[in-house]
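Read top to bottom, the protein sequences are chains W and P. Residues 609 to 832 in this note's numbering are what the first sequence spells out, letter by letter. Residues 40 to 259 in this note's numbering are what the second sequence spells out, letter by letter.
It is worth saying that the hints were derived from the structure and are not from the lab. Cβ atoms here follow ideal geometry from the backbone N, Cα and C, with glycine treated the same way. One or more hints might be untrue.
Stated by the list, open to error - From the structure, some residues in chain W lie toward chain P, with a derived Cβ separation under 10 Å:
#1 Ala632
#2 Pro661
#3 Phe718
#4 Gly780
#5 Asp781
#6 Ala782
#7 Val783
#8 Leu828
Claimed, not checked - With a Cα cut of at most 25 Å, we get these calculated SDA-like pairs of lysine to any residue:
#9 Lys768/W to Ala732/W
#10 Lys185/P to Ala746/W
#11 Lys185/P to Gly769/W
#12 Lys185/P to Asp739/W
#13 Lys257/P to Val804/W
#14 Lys768/W to Val818/W
#15 Lys830/W to Glu207/P
#16 Lys257/P to Tyr807/W
#17 Lys768/W to Asp731/W
#18 Lys257/P to Asp739/W
#19 Lys768/W to Leu209/P
#20 Lys830/W to Ala63/P
#21 Lys162/P to Glu184/P
#22 Lys830/W to Arg798/W
#23 Lys830/W to Asp813/W
#24 Lys768/W to Glu207/P
#25 Lys830/W to Lys185/P
#26 Lys768/W to Lys257/P
#27 Lys185/P to Phe219/P
#28 Lys185/P to Tyr785/W
#29 Lys768/W to Gly711/W
#30 Lys185/P to Asp731/W
#31 Lys768/W to Asn822/W
#32 Lys162/P to Val804/W
#33 Lys768/W to Gly817/W
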Amino acid sequence: MNAPHAELDDPVLLARIERLERRARRDRVLALGALVVALATAQAPPPPASLAPSSLGVRGADGTSALLDGAGLTVRSAAGVAQLYAGLDTTGSPYVSEADANGHQRESLFLYDNGAPGLRQFDAAHVVRTDVYLASGADPTIHLSNAQGVAQASLFIGDKGLPEFDVRNTHGDAVGYLSADDQGAFLNMRDPSLNVRTYAGQYTDGTWGVDVRNATNTNLFKAP
Amino acid sequence: MAPFSETLHARVTRLERGSRRDRAVVLGVVVLAMLTAQAPSSSGPQVSTTPITVTNAGGQSTTLSATGITVSDAQHRLRMVVGLDDQGRPSVDLRDAGGTLRESMYLFAGSNPTLRQFDSNSKRRLEVRLTEASNPEVQLLDPNEKLRGAFFIGASGRPQLGLYGSDERLRAYLATDDQFPFLVMNDANGQSRVNIGGFANGTIGMDVRTASNTVLWKAP
């Protein structure tokens, strides 16, 4: 073992201590720098699941934006107009809606409160012009409507389970009607008072033919 | 001037103290960096590798995942899916409060647009689609998923309306070509019994036939 005074007088040891001091100063500067960088760039840790965000938004460079909230997704144009929504409606039913640049709804895909599916297309005045749905939750139905929202052509399976196609006047009355059952088919055409004036196809007695009637339902012509 | 031994002792003590402090600072920085680390920024969008769920006060929730969004009601029942389905097709699915799929809009076979509506028994009842030949077609089906009504442009390019029996056989048929429209009504055996409009020979008129295809009446 060396004597203490021998170490104190050792120039090699002194040089080592001086190097240690220089290194300590340099490391301190580096550590403080790292601390500053970490503080400047730190982000808050993610919240726990129980504190999930109530909404999440994304904005594009062109000004468009999307907002995700608990009920669904809303996409807005650069002008801030909501043009697409996919989520739950105010009754809690699923609902997809598309709007034009003015914010007018033009199309929707949805479920009614009873779960029946529907698709609607709207004109610029928000009148339903095309309506595709399951009536009473089950019967497939398509209506094409005029600008007043009156159905003027319909294709559907009715409450008797028969496929039917009709064309309607502006009051919504079926004046041309084509239908079929398992035995055959028939077509009738009605006047404004809804009297059958022309009939073709199978009659209720099982025979087939065509006829033309007057307004009091008297045959003017019948064949065969 | 302090004795040399005393100066050296002080310097070593300072070194030891400084070393301990610096070690603590470095450890603190490491812990801070690990707790708050974020991926280096890039020019692309910020990307999460895990689904993100947002919930409102009513308990409804929307989840954004890599395949789209799903929306659940307050009872945590899945009600809507918008995104890619399990076969990778873009799809919008709507489910009723019982969880039954009632409406689906998607690309069939990867490219043919299709809208389907289902009844509460999961039976397909209405379908609007483009066929593989890209012809528009609307189908109405009964509770047994039998075709009962169709409105379409057929392979021949003719617009057609067809009504069918519960056996899916055609009963009434309204169509047109570039010459004349025509209406055909068939019996249960598929025999045409009434024909109105343009005939195949280019004439126009109407006839009534027997079950054995004998013309009972014809005009003109």
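Violations among the numbered hints, reported as their numbers in ascending order: 4, 5, 6, 7, 8, 9, 15, 17, 18, 20, 25, 26, 27, 29, 30, 31 and 32
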